[in-house]
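> The chain contents come next:
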Amino acid sequence: MSAEVRSAAESCGPLVLEAVAIHRDYKLGRGRKAPVLSAVRNVSFGLYRRGVVALVGESGSGKSTVARLLAGQERLTSGEVRLDGEVVHLHHRRTFRKYKRDVQMVFQDPFASLNSVHTVRYHIERPVRIQRGTKGHAAVDAEVARLLREVELTPPEQYLTKYPHELSGGQRQRVAIARALAANPRVLLADEPISMLDVSIRLDILSLLNGLRERLELAMLYITHDIASARYVADETLVMYAGEIVELGPSEDVTQQPAHPYTQLLVASAPDPDALDSRLRIGSKVLAGQAGSALSSVVGCRFSPRCPFADDHCRREVPPAVRIAELRAAACWHLDLAAPHLLRGDASGPNGPAVATDSSTSAD
Amino acid sequence: MRRAAVEVEGEQVSAPVPPVSPVPGSGASQPVLDISGLSISYRTRTGEVKAVVGVDLALWPGEIVGLAGESGSGKSTLVYGACRLLRPPAVITAGSVTYRGRRVSSGGISLLNQSRAQLRTLRWREIAIVFQSAMNALNPVLRVEEQLFDVMDAHLSMGREEQRERAASLLDLVGIARDRLRSYPHELSGGMRQRVMIAMALAVDPEVVIMDEPTTALDVVVQREILSQIVELKERLGFSILFITHDLSLLLEIADRIAIMYAGQLMEVGSAERIYRSPAHPYTRGLLNSFPSLHGPRRELAGIPGSPPDLRSLPPGCPFVPRCSFAVDACRQIDMRLAPIEEARDPSHVSACPFVLPEGQVPSPAVSEVGRR
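Protein chains in written order, with the working numbering: chain H, 1 to 364; chain C, 1 to 373.
Since the hints were derived computationally from the structure, they do not count as laboratory data.
Wrong hints could be hidden among the right ones.
[Unchecked claim] If we take Cβ atoms under 10 Å as the criterion, some of the chain C residues that face chain H in the derived model are:
| # | residue |
| --- | --- |
| 1 | Glu225 |
| 2 | Leu287 |
| 3 | Pro292 |
| 4 | Arg298 |
| 5 | Pro305 |
| 6 | Pro308 |
No residue lacks a Cβ here, since even glycine has one placed at the ideal position from N, Cα and C.
Only chain C is shown next, with the shape it has when bound in the complex (with noise of 0.2 Å):
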């Protein structure tokens, strides 16, 4: 891969949030994985495409954060490009993204500012990636223990017989018979070769694990037995998960934070809790009432109107203006930055949407001061 371009090109980018508290009972006072003001680029003959504008997201340690979007939002383009993983045409235009790791010094690691061996280093050891779809991410040819192999030799120095003790206890924690080590991805079931992705990644115990939409190619049962697994490992090794998917419901029910990404930028952040109690941002609370719900009563769903926007022709102020029923000819303008809702409440609950959402009342739109809450 080659280097990724790094140039900062001011103003609109948006001012920093102020940070986060940190969660509750992780007693951590610095994020793992912080990222700040990044923005994302693609470079085409076309025209440019700003993929991330100026996005904000920190992962604490022993957190789970869900990152929800619609395919397109740019939630994949953000993660990969934190973590170094785009190619041009993506540039980095802006921001900076520091991983704090127990292994790595107290300041922590510039992951922007890293030489090509240094991120070798990195990578896997410190942040894994489980893929969305496990038979294109598993090599055809190559038995799993040789994959897993594979990690290993690559960043911890240990004997054949080691390595094979150890590959045999990661199939052990993600629930799959130790005999599949000799097996070819083809010989197992989807939800097998997802289970061996999460054991992949967690071979060499990294601090942070991306899962990018990991359970998605899997029908309920299978999901919901893996994502237990996930939050069950995460309790015991002790790692931190940002989780991407576009679907909020499996979010509300795993994350402890959720962040919603339209258009490549954050709209809203907060706990499961708040986003689904009192969602602030009409696009949350759209995404919220499309998804029909097996239990409690049949309610009226709404779904979102029209189709994503396109990247290279974003109108100034907020871009879900378009498809926003609540919009009003002062949205074209706003200044797009995340801002507490209730700072008395819940100061980590914020929203990139100026008026006030009372909980479970729609927004008014005769407000006329913009910008203000």
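The shape of chain H in the complex, shown without the other chains (with noise of 0.2 Å):
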């Protein structure tokens, strides 16, 4: 996406990490003519110091291999990664050792994520000797234990000596974080943090990333398929279809008065107690379909398909970034049928507030 839009995020500090148009294809099985799938095309966006960035999309829709591109998992295509203005080549390893002391990852599965033949204090212990270069078994150990305390994991001692199979699902995400903590890092990557936790525990998890980015000051990338969980944490929304981002702007506005069919279906889909009254049963109707096609073979817009709107200019021709207020865009042809209040302007959009211009409306 490529509209002259400022990032909503951009106010919460001066930029550290920043995607510059990358790109990923993967070849799906040998030879010339076989086919390529584009998991991530031409995205650009950028990370602020203390400011949380949500990438919002459907399994298979690349928020996944943005965040491995990011952390230097995946070899980009094409396109930069830039950390405090200056091009980072992943591939070095002497420059990636450096890179990962700023940009640390958090993964989906604190089951799978953790060593379970290993103790947390072996877990926490590594990068803070290896990332970190602590050395001596006191000043370790102190670290160790400053870090477990930073992610509410007290007393410490009673943590240390424990294996992954004896912490509850919560517990071992605070490890998995303390973990990446211990490399000391101005740049978090969380790739599904909460969604394989129990509803109860993922606010606590959620107000811990968010007390760490404020304390930290920690420029965070935040990627979720619950774009209700986006709305709470995350100053700026990226909304994610087949390897592009549809619409992005602040988080209050994207989950409030969507733009991009694809968002709107998103927000349709989520579960909303509040309208107990339009219930499954009464026969909402949601558009059926396949998820979207990442494949490069694929002509024109990508939600075509499963779009309402569409006409036979979407499936031609790959929609442009379209600038909808100062810090909001949408790639959609007919941004006229699908959000009109919004591009009239419309102080009182059909679904509340008006979109707001600065970023003060979203999470802190």
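Grab the two chains, each in its own frame, and use the hints to assemble them into the complex.
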């Protein structure tokens, strides 16, 4: 997406990490004629100190691939990653090692991301020694204890000797977060950090991440399929579909007045107890259809097969990003049909408050 | 599976709640599945884990009952125990489970007294289960149609042609193209696998379908599609659903009644409407406050502090006390039993918390008289 729109997270602090037109292709099969899947196409965004950017999309939309590209676990097909304005060559071992100190990742599944044969101490001690170069038992122990306290696993002594299977899902995720913090990073890439956890635990982890972002002045990428949680934690929300960002803007605006038909579908699909009267049984009709295809052979708008507004134009040409407001853009040919009130700059859209032009309405 | 020992251990089992009034409009006078005073323990070397304690739960014909609770609350143990699907060290220590389907004699069948052979005829034919992880529940080396034929072979006498026709129409039912019959599970997307699981569960026309987190692995759009399909199929085919999940926001939308489970006990049971609009138990309120809402004004999210209790050493009284912000000393002594909150208004809305929680207000810890409303 390349409309000239400023990021809603920009007001949080200086730019730290930037993805510039990153692109990742996977070849499916062998030979020159093998189909190519563009898991990430031309994605650009920035992460700002103390700011949270949410990347929202369905499974297979490429949101995790974005995180893996930024973490250096996948190679870019094209595009750049910039840290503090400088291009990082992620496949150079030495630069990568340095980069890892600044950019750390928290994974989705705390059952799989921790090694079941090692204790909590081992998981946190290693990055403290390796990434931070802390030496001496006393110094390392103090640092490990401090990190455990940072993620609210107190008293630390109680957790140090535990193995992952002795911890609950929420505690495991806290250990994974402590491990990420051990390198003293400036950027945290959180890939669905709460989706494997119990509903009652999720909030705790979210508020922990939020507290860390403020205390440690972290720039954070929050990846999720749950757009409601993006509303609560992120300053800016990017909506991804079939490898592309189709809408971006301040979280509150994107969730309350979605512009792109896909965002509208996402918002409509989220469980909403406040709408008890229009419960499923009464027959709310949802757009059926397959997940978006990211095959590079697809022409036109990738959402067009599922889109109620699609016409021949949509099926022929990829829509450009259209600026909707100072901080908002969406890639759709038919915003006039999908979100007419937004284009008119109508202060009182059908869904409530006006489109805010600053990020003061988003999460803090 | 070995036969679970059924022994009644008396006292600690709470008195059964008076039967809940039938769902309006169902016209039925008896529940199709009636769980009463069920207690299940895991007897391990480190002690007895009371996973389910004296649970009463009824499923009326045509109804969707949601069972919500955190991991480890005993919701799966309860349902699998009721269907006799647990192996030792799980032991059913008390209670009864009665199944009253249209195809069985009017007195109903006590599931806990059935022999293995009898259970085999009941399972799937009468009570089918849609398991959580479709990838693990489907056989990866068999085509979809072969797995569907297996079910029909076991329960219906049909020729292969007839079976093939039925398998195809089952796929129609769940919205999958017929040519997918020849596919292997790995060739299907997550949502399609879950639909195949649903088609398999419905293959021999069961009266009760148990759904154990059928949509947790799926993203919201697919989840909603599948849920609306489930509701539609239920309306069309007339089965009853027991829906297990930790996601209360989902249940509020699809369930008729919701049972909230914590530490092996039911904390609150009521219509979806009542649970949402006037939750009585502090735990229910905590659950309702812990998911971010997408629509409406941003509200303060609170969550539930602390973590689920250790079932090996449950304190007496209410198990939620350590995490409850309204707990008073008396809570540690109360007799956990479900009682109507407002008898006159809705006798089917029951809660285990003896403190009155008027709508929208916090409960008053000053209430000194315990156990009375």
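> Is the interface hint satisfied for Pro308(C)? The criterion is a beta-carbon contact with chain H at less than 10 Å.
holds (7 Å)
> Given Pro305(C) was flagged as interface, is its beta-carbon under 10 Å from a beta-carbon of chain H?
holds (8 Å)
> Hey, does the Pro292(C) contact hint survive, CB to chain H under 10 Å?
For Pro292(C), the interface hint holds, since the closest Cβ of chain H sits about 4 Å away, which is under 10 Å.
> Using the nearest Cβ pair, does Leu287(C) come within less than 10 Å of chain H?
With a closest approach of 6 Å, the Leu287(C) hint holds.
> Holds or violated: Arg298(C) as interface residue toward chain H, Cβ cutoff 10 Å?
Given a least distance of 7 Å, the restraint on Arg298(C) holds.
> Is the interface hint for Glu225(C) satisfied, with its Cβ closer than 10 Å to some Cβ of chain H?
It holds, given that the least Cβ distance between Glu225(C) and chain H is near 5 Å, below 10 Å.
The structure meets every hint from the earlier list without exception.
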